[in-house]
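When you get a sec, could you build the whole thing from the sequences and use the hints?
There are 2 protein chains.
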Amino acid sequence: MNQDYIIPNEWSIIEEGFNPDMVKSSESLFSLGNGAMGQRANFEEYYSGPTFQGSYIAGVYYPDKTKVGWWKKGYPEYFAKVLNAPNWIGINIAVNGEILDLFNCSSVSNFKRELNMQEGWLSRSLTATLKNDTTIKIETKRFLSLSLDEVGAISYSITPISGDAKITYTPYLDAGITNEDSNWDDKFWEITNIAYENNMAFIEAHTLKTNFNTCTFMQSQCFVNGTTATLSPTVEKLDKKIYFHYSSEIEQHQVFTIHKYAGYTVDRNHDKDQLIPAAKKALSKAIKLGFYKLLEAQKIAWSKIWDTSDIMITGDIKAQQGIRFNIFQLNQTYLGTDARLNIGPKGFTGEKYGGSTYWDTEAYCLPFYMATKEQKVGRKLLEYRYNHLEKAIENGEKLGFTEGAALYPMVTMNGEECHNEWEITFEEIHRNGAIAFAIFNYYRYTGDYSYIPEKGLEVLIAIARFWKQRATFSTDKNKYVILGVTGPNEYENNINNNWYTNYIAQWCLNFTMETLEKVATDYNNDYHRIITKVALDSKEIETWKTVADNLYFPYSEEHQVYLQQDGFLDKELTTVAGLDKSQRPINQKWSWDRILRSPYIKQADTLQGFYLFENQFSREEIERHFNFYEPFTVHESSLSPCVHSIIAAKLDRMDQAYSFYLRTSRLDLDDYNKEVEEGLHITSMAGTWMSIVEGFGGMRVVNDTLSFQPKIPKQWDAYTFKVNFRNHTIQVTISQNESNFTLTKGEQLQIMVNGKSITISQNTIITA
Amino acid sequence: MNQDYIIPNEWSIIEEGFNPDMVKSSESLFSLGNGAMGQRANFEEYYSGPTFQGSYIAGVYYPDKTKVGWWKKGYPEYFAKVLNAPNWIGINIAVNGEILDLFNCSSVSNFKRELNMQEGWLSRSLTATLKNDTTIKIETKRFLSLSLDEVGAISYSITPISGDAKITYTPYLDAGITNEDSNWDDKFWEITNIAYENNMAFIEAHTLKTNFNTCTFMQSQCFVNGTTATLSPTVEKLDKKIYFHYSSEIEQHQVFTIHKYAGYTVDRNHDKDQLIPAAKKALSKAIKLGFYKLLEAQKIAWSKIWDTSDIMITGDIKAQQGIRFNIFQLNQTYLGTDARLNIGPKGFTGEKYGGSTYWDTEAYCLPFYMATKEQKVGRKLLEYRYNHLEKAIENGEKLGFTEGAALYPMVTMNGEECHNEWEITFEEIHRNGAIAFAIFNYYRYTGDYSYIPEKGLEVLIAIARFWKQRATFSTDKNKYVILGVTGPNEYENNINNNWYTNYIAQWCLNFTMETLEKVATDYNNDYHRIITKVALDSKEIETWKTVADNLYFPYSEEHQVYLQQDGFLDKELTTVAGLDKSQRPINQKWSWDRILRSPYIKQADTLQGFYLFENQFSREEIERHFNFYEPFTVHESSLSPCVHSIIAAKLDRMDQAYSFYLRTSRLDLDDYNKEVEEGLHITSMAGTWMSIVEGFGGMRVVNDTLSFQPKIPKQWDAYTFKVNFRNHTIQVTISQNESNFTLTKGEQLQIMVNGKSITISQNTIITA
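From first to last, the protein sequence lines are chains A and B.
Under my numbering, the first residue of the first sequence carries the number 1, and numbering increases by one thereafter.
Under my numbering, the first residue of the second sequence carries the number 769, and numbering increases by one thereafter.
These are calculated hints, taken from the structure and not from any lab test.
Certain hints may be false.
To be clear about the criterion: a stretch of chain B counts as covered by chain A if any three or more of its residues have a C-beta under 8 angstroms from a C-beta of chain A, and this derived list gives those stretches [as the list claims (entries may be wrong)]:
{"#": "1", "region": "1331 to 1343"}
{"#": "2", "region": "1355 to 1363"}
Here are the simulated BS3-like pairs of lysine-lysine, each with C-alpha atoms no more than 25 angstroms apart in a straight line [claimed, not checked]:
{"#": "3", "chain 1": "A", "residue 1": "Lys72", "chain 2": "B", "residue 2": "Lys792"}
{"#": "4", "chain 1": "A", "residue 1": "Lys73", "chain 2": "B", "residue 2": "Lys1357"}
{"#": "5", "chain 1": "B", "residue 1": "Lys840", "chain 2": "A", "residue 2": "Lys352"}
{"#": "6", "chain 1": "B", "residue 1": "Lys1442", "chain 2": "A", "residue 2": "Lys73"}
{"#": "7", "chain 1": "B", "residue 1": "Lys1357", "chain 2": "A", "residue 2": "Lys187"}
{"#": "8", "chain 1": "A", "residue 1": "Lys581", "chain 2": "B", "residue 2": "Lys1166"}
{"#": "9", "chain 1": "B", "residue 1": "Lys792", "chain 2": "A", "residue 2": "Lys73"}
{"#": "10", "chain 1": "B", "residue 1": "Lys840", "chain 2": "A", "residue 2": "Lys72"}
{"#": "11", "chain 1": "A", "residue 1": "Lys67", "chain 2": "B", "residue 2": "Lys1245"}
{"#": "12", "chain 1": "B", "residue 1": "Lys1120", "chain 2": "A", "residue 2": "Lys67"}
{"#": "13", "chain 1": "B", "residue 1": "Lys1120", "chain 2": "A", "residue 2": "Lys73"}
{"#": "14", "chain 1": "B", "residue 1": "Lys835", "chain 2": "A", "residue 2": "Lys589"}
{"#": "15", "chain 1": "A", "residue 1": "Lys67", "chain 2": "B", "residue 2": "Lys835"}
{"#": "16", "chain 1": "B", "residue 1": "Lys835", "chain 2": "A", "residue 2": "Lys209"}
{"#": "17", "chain 1": "B", "residue 1": "Lys1349", "chain 2": "A", "residue 2": "Lys67"}
{"#": "18", "chain 1": "A", "residue 1": "Lys352", "chain 2": "B", "residue 2": "Lys841"}
{"#": "19", "chain 1": "B", "residue 1": "Lys835", "chain 2": "B", "residue 2": "Lys977"}
{"#": "20", "chain 1": "B", "residue 1": "Lys835", "chain 2": "A", "residue 2": "Lys352"}
{"#": "21", "chain 1": "A", "residue 1": "Lys72", "chain 2": "B", "residue 2": "Lys1349"}
{"#": "22", "chain 1": "A", "residue 1": "Lys73", "chain 2": "B", "residue 2": "Lys977"}
{"#": "23", "chain 1": "B", "residue 1": "Lys840", "chain 2": "A", "residue 2": "Lys674"}
{"#": "24", "chain 1": "B", "residue 1": "Lys955", "chain 2": "A", "residue 2": "Lys67"}
{"#": "25", "chain 1": "A", "residue 1": "Lys65", "chain 2": "B", "residue 2": "Lys955"}
{"#": "26", "chain 1": "A", "residue 1": "Lys674", "chain 2": "B", "residue 2": "Lys1166"}
{"#": "27", "chain 1": "A", "residue 1": "Lys589", "chain 2": "B", "residue 2": "Lys841"}
{"#": "28", "chain 1": "A", "residue 1": "Lys674", "chain 2": "B", "residue 2": "Lys841"}
{"#": "29", "chain 1": "B", "residue 1": "Lys841", "chain 2": "A", "residue 2": "Lys24"}
{"#": "30", "chain 1": "B", "residue 1": "Lys833", "chain 2": "A", "residue 2": "Lys72"}
{"#": "31", "chain 1": "B", "residue 1": "Lys1349", "chain 2": "A", "residue 2": "Lys73"}
{"#": "32", "chain 1": "A", "residue 1": "Lys73", "chain 2": "B", "residue 2": "Lys835"}
{"#": "33", "chain 1": "B", "residue 1": "Lys1120", "chain 2": "A", "residue 2": "Lys187"}
{"#": "34", "chain 1": "B", "residue 1": "Lys1245", "chain 2": "A", "residue 2": "Lys477"}
{"#": "35", "chain 1": "A", "residue 1": "Lys65", "chain 2": "B", "residue 2": "Lys833"}
By construction, the Cβ of each residue, glycine as well, lies at the ideal position given by its N, Cα and C atoms.
Below is the structure:
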């Protein structure tokens, strides 16, 4: 059974009633982020129950010494982790001398938590009776400012209900934090300075090894019934923490409020000597505006984001909540403003996977960011990999490749490989394909070819060299084969001729050769600059062609399908339908060998190829492969259901597409994979967006034209999405009866709808 | 280049000249053991240079918490390690107030180390000039007594050369030791008592978790020019150590000697409260005999071992030294007196691999111990696995097997799996085959069938059940296949239809069915007892037959060979001959993926099957497979060259057989695999013995008859070995001209020589 405690709502994630068992799940689901920093939805006040505390700063990582049982040559020495950063949200509460701890109250009632995605804030309200019989009402609200992205703001109000009460607010900064996933219990942070003046406090700390300098800061103001209460705090300065105690006798039914402004300044944006002055400046701006104006600015900033990225669904509130949750979390994680940052698979909601960059960025996130942000955001995502090219070539060299062949890392923070499982690190090489495909996809979508001669071609050449060297000529098959790989389906390891890998390898070789020709013709200066730089000659290109033209693809005549890998048909081909529920998810129930020899597919693998290269196959072929592989797929990767949803929609299997859509969009809300406590699946959320826009909406770019094949699940009345396409913005509304297309930005655009060319003009609704 | 500093000698391992770079290598090569305990050849005195300190007690292990990067379900929680035990060999030396440290002397000359294998002792002599210009001569001798196996003895003599000198001997016990391979720097030992009286000291310590109680003890005596010098020691007792200081002014050319007797008493042999009294008793016995009588007893004990196990080679001193080194080390490691002990792959010479039991015991060691020891030793080795059957069934259950199917652990100390690499732990399942084969092999060699109805059959049934469940029916092949395994060649992982695994699986099923029939007929009571106990019925046996009769074996029509696994011919089939020396050993030079997709074979895999089941194949078949696989084999496992040597000898390729023999017999002496510093390859040493007796001597058991096909490398004049066969002992001498067979124990025995039946009588030399 999936979890089912989140209250359906169009714009908010809502939890009602206090259940300690759900605290860690809610800490993930109600996470906040603003691209620059983020936090799990930990309570401000002390909590002694099960909790997973997490605050994170974008781009601040630590090279944790790697941990493996049996070292293999080629493994990287360390694993870069997004660090749990100093905590600034904490406000301890004492009520008549008793520390408030929801896990230890006599009663907690009227508990409600809301993550308002439209406006970008998190609130909590509750009534608590403490062990000392004092009853208080609590209302909190907090947000991480988009307009002042170094600052977060908290409003925390307590109203004594059962009589007058002495309330103490103790806002604090805590740099005594560790990572839940630390390998060796290394110390990650060194504190260099704890300072305070007036109501402000600062902790300067830098990470060890990577030496990122940060200042965590706070400033608080107190109010009684909305009027400023000038309380002089007692300050308590410890080794790693600093506490301010604000105490006041509050009468029954009076509202005692603290506003805490806090956040981080980091040396990515300031001189490391200027972190405290920068913090003071940020605090002064925040204080000057005050909580409510800052909140107003937050609403405006989020409304701008929603304006270009919202998807509205009518008639299906759970579906509506799901897609907005996905879009909201993506925007909380990455806003596309800094090419040094990327989209970690857990964003700012947890630590698993190290918070680094995966192929998810190229395969899943790029289309979302291209369609909902300015063009330069997509380009920044590509540049991230261009900037890592040299390290990808070094990584290739470590594995025995030569002459500029690049293998991009499976997981990275700074271009170096961070992952240490031979079957993944060394063998899940299809990631190189996704990185090349993104260059094509960016050009296809934006029409901006300039990136390719400037930077992209170098990446393509290095990747083509890799594939050429990675293929082996089999005299037995008289074909080139690619041995010993792990495909997207990680429930197969060290297999031969994974169809997806072979296909994308062939595509990379061909696309690189085509691109070389085009660049030679259209950008001749760049062409000569590049082939000189990388020492490429026609003889080498000829070897690529030989491999591409003679690559082997396992095929079953009996089933008329390409086989996921050599030997797939030797498996006992029982389907997921026959698998007892008690055995799911199999990765939590079965030993690895059993998973490997089963036919069960963790995530779209062959179908991933049919998704990416759909135009190279007939509908019948796609259908045959979907029919063959879908029944074996357990979707235990978050990246799987969206691809299946898109293909099912294409095949007009709308019920199936809808059910996959629900699974992908509510994966975390409903906790399909029983792991939401560890954090959210951020990158796959872009897949959810694709499953609506590309799946139901059928959006494609064909020959520089945006094309749609609108469909709608029977459960919905209508849905509306907007996409940005080559400086135009198109709003698409699809209902059960008709599809409407409006150009909200740009003069005029020709699009295709169900194969028919239509011209749309600004603010005119075209119905098709 | 292999190392080449050990001086060839028939009976001794000798090093001349002091080279700090070789200290760790020599610490391995000159190791001492007596079955109950063992040590690396660390210097007695303080040494500040690179060293790997190691003292080990048989059967004393610690469940070190396991360390993996990515946990997989089914992994065991801990890894049982032979523990580095308290050190008792230490004797610090001060000469005129300066601590003797060979790494920091002004000069060290006349350095000689000798491991006398004939008599079982280690000696060292040298002249050292200290930084304070004092020159001394040192002579030491030490041994671990076979007759008093709780005791070791050291004689350490210093002669001042440059003038009178004040010498201080500081014999000590040190329980402040750690394991080099500790995963988490856990504390393994807890010291409960440090006591002393007169010249004796005791440290009682127990292992944490496993709670093995031990007492480490010592007692010393000093002599000047051979006459007892009654010196009262100063005692220094620290937290984890105890030192006795014996000082004396020694005149130039006088010999100052200390005899230190020391060792362990353990609660496997004594009440845990009686460890100190037992230690006193052991010391009193040793002191009473004195160093020289104890040494006499040592010589006698070793001469008895050599009497049944020596192999004499004339005309090739390096080959002679090699085989004796192997036989010596095997006997130092395991003497077959305790069914609770087994043969760790590094014996008492290092920590790698955890010192636990591998399939090496059954596949390699059993034949050696059967032929050179009493029959009960082989039986004890089998009983070890019978005693672990329940845990092997539990291990199977953890991996999803049911109804009494057993998967024996890859590595174990107490029956539980200790290893954590999915491709080995879960997939290197052929180990189950070796364990079943050993039951057959024991019966075949000893003629003692009684073990099977008593115990062996239960093991066979549990293993047959495993194979039946582990096979998958492939509708595509219309055969049973075995998917996702690692064969003996660990340079292939997660492969399908490994020929060796499939073959031994089929053999296990068939042998179990045959055995059931025989036991039903000949031991009907046992039969009923067992099938009731394990709930076996004829229907289940029928399913075994179906699998056995329909198992798939990959075969190449083109090459007319069975393929090591599915897809082997897709590899680029370049041979080892073409591999640049700089790339060897590939496991130290190449990343794992590169090794996996290469054709290179770590150790005999298909050929291992042809070795075990030779009688089921024609000579032509064996030759074809040898020709096909040998050129791809890199022999980077110590277990490989012996099998190749045996097959090469069978095929009359004596030069090749000889070269493999040299490699296996001098693997550690010449450090072929560049890892001797970590310890010796003990279990493969039994393979060296096999390569002479089974390879050159061609010894087999055919229909209860011992058969020989004598051959001899052209480099040798002659060689002689003895085997114990069913209460007879046969001595075989093979020279370039003839072969002589003598029965040294027993009245009369019929043997086969080159296919001809011969009867030999006691003490009559038969020439064939």
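A quick look at each hint next to the structure:
no.: 1; hint: 1331 to 1343; in the structure: holds (count 7)
no.: 2; hint: 1355 to 1363; in the structure: holds (count 8)
no.: 3; hint: A/Lys72 / B/Lys792; in the structure: holds, 23 angstroms
no.: 4; hint: A/Lys73 / B/Lys1357; in the structure: holds, 7 angstroms
no.: 5; hint: B/Lys840 / A/Lys352; in the structure: holds, 15 angstroms
no.: 6; hint: B/Lys1442 / A/Lys73; in the structure: holds, 15 angstroms
no.: 7; hint: B/Lys1357 / A/Lys187; in the structure: violated, 33 angstroms
no.: 8; hint: A/Lys581 / B/Lys1166; in the structure: holds, 19 angstroms
no.: 9; hint: B/Lys792 / A/Lys73; in the structure: holds, 23 angstroms
no.: 10; hint: B/Lys840 / A/Lys72; in the structure: holds, 18 angstroms
no.: 11; hint: A/Lys67 / B/Lys1245; in the structure: violated, 41 angstroms
no.: 12; hint: B/Lys1120 / A/Lys67; in the structure: holds, 18 angstroms
no.: 13; hint: B/Lys1120 / A/Lys73; in the structure: holds, 17 angstroms
no.: 14; hint: B/Lys835 / A/Lys589; in the structure: holds, 21 angstroms
no.: 15; hint: A/Lys67 / B/Lys835; in the structure: holds, 7 angstroms
no.: 16; hint: B/Lys835 / A/Lys209; in the structure: holds, 24 angstroms
no.: 17; hint: B/Lys1349 / A/Lys67; in the structure: violated, 31 angstroms
no.: 18; hint: A/Lys352 / B/Lys841; in the structure: holds, 17 angstroms
no.: 19; hint: B/Lys835 / B/Lys977; in the structure: holds, 17 angstroms
no.: 20; hint: B/Lys835 / A/Lys352; in the structure: holds, 18 angstroms
no.: 21; hint: A/Lys72 / B/Lys1349; in the structure: holds, 20 angstroms
no.: 22; hint: A/Lys73 / B/Lys977; in the structure: violated, 33 angstroms
no.: 23; hint: B/Lys840 / A/Lys674; in the structure: holds, 16 angstroms
no.: 24; hint: B/Lys955 / A/Lys67; in the structure: holds, 19 angstroms
no.: 25; hint: A/Lys65 / B/Lys955; in the structure: holds, 21 angstroms
no.: 26; hint: A/Lys674 / B/Lys1166; in the structure: holds, 21 angstroms
no.: 27; hint: A/Lys589 / B/Lys841; in the structure: holds, 7 angstroms
no.: 28; hint: A/Lys674 / B/Lys841; in the structure: holds, 15 angstroms
no.: 29; hint: B/Lys841 / A/Lys24; in the structure: holds, 23 angstroms
no.: 30; hint: B/Lys833 / A/Lys72; in the structure: holds, 20 angstroms
no.: 31; hint: B/Lys1349 / A/Lys73; in the structure: holds, 18 angstroms
no.: 32; hint: A/Lys73 / B/Lys835; in the structure: holds, 18 angstroms
no.: 33; hint: B/Lys1120 / A/Lys187; in the structure: violated, 29 angstroms
no.: 34; hint: B/Lys1245 / A/Lys477; in the structure: holds, 19 angstroms
no.: 35; hint: A/Lys65 / B/Lys833; in the structure: holds, 18 angstroms
Hint compliance for this structure: hints 7, 11, 17, 22, 33 are broken, all remaining hints hold.
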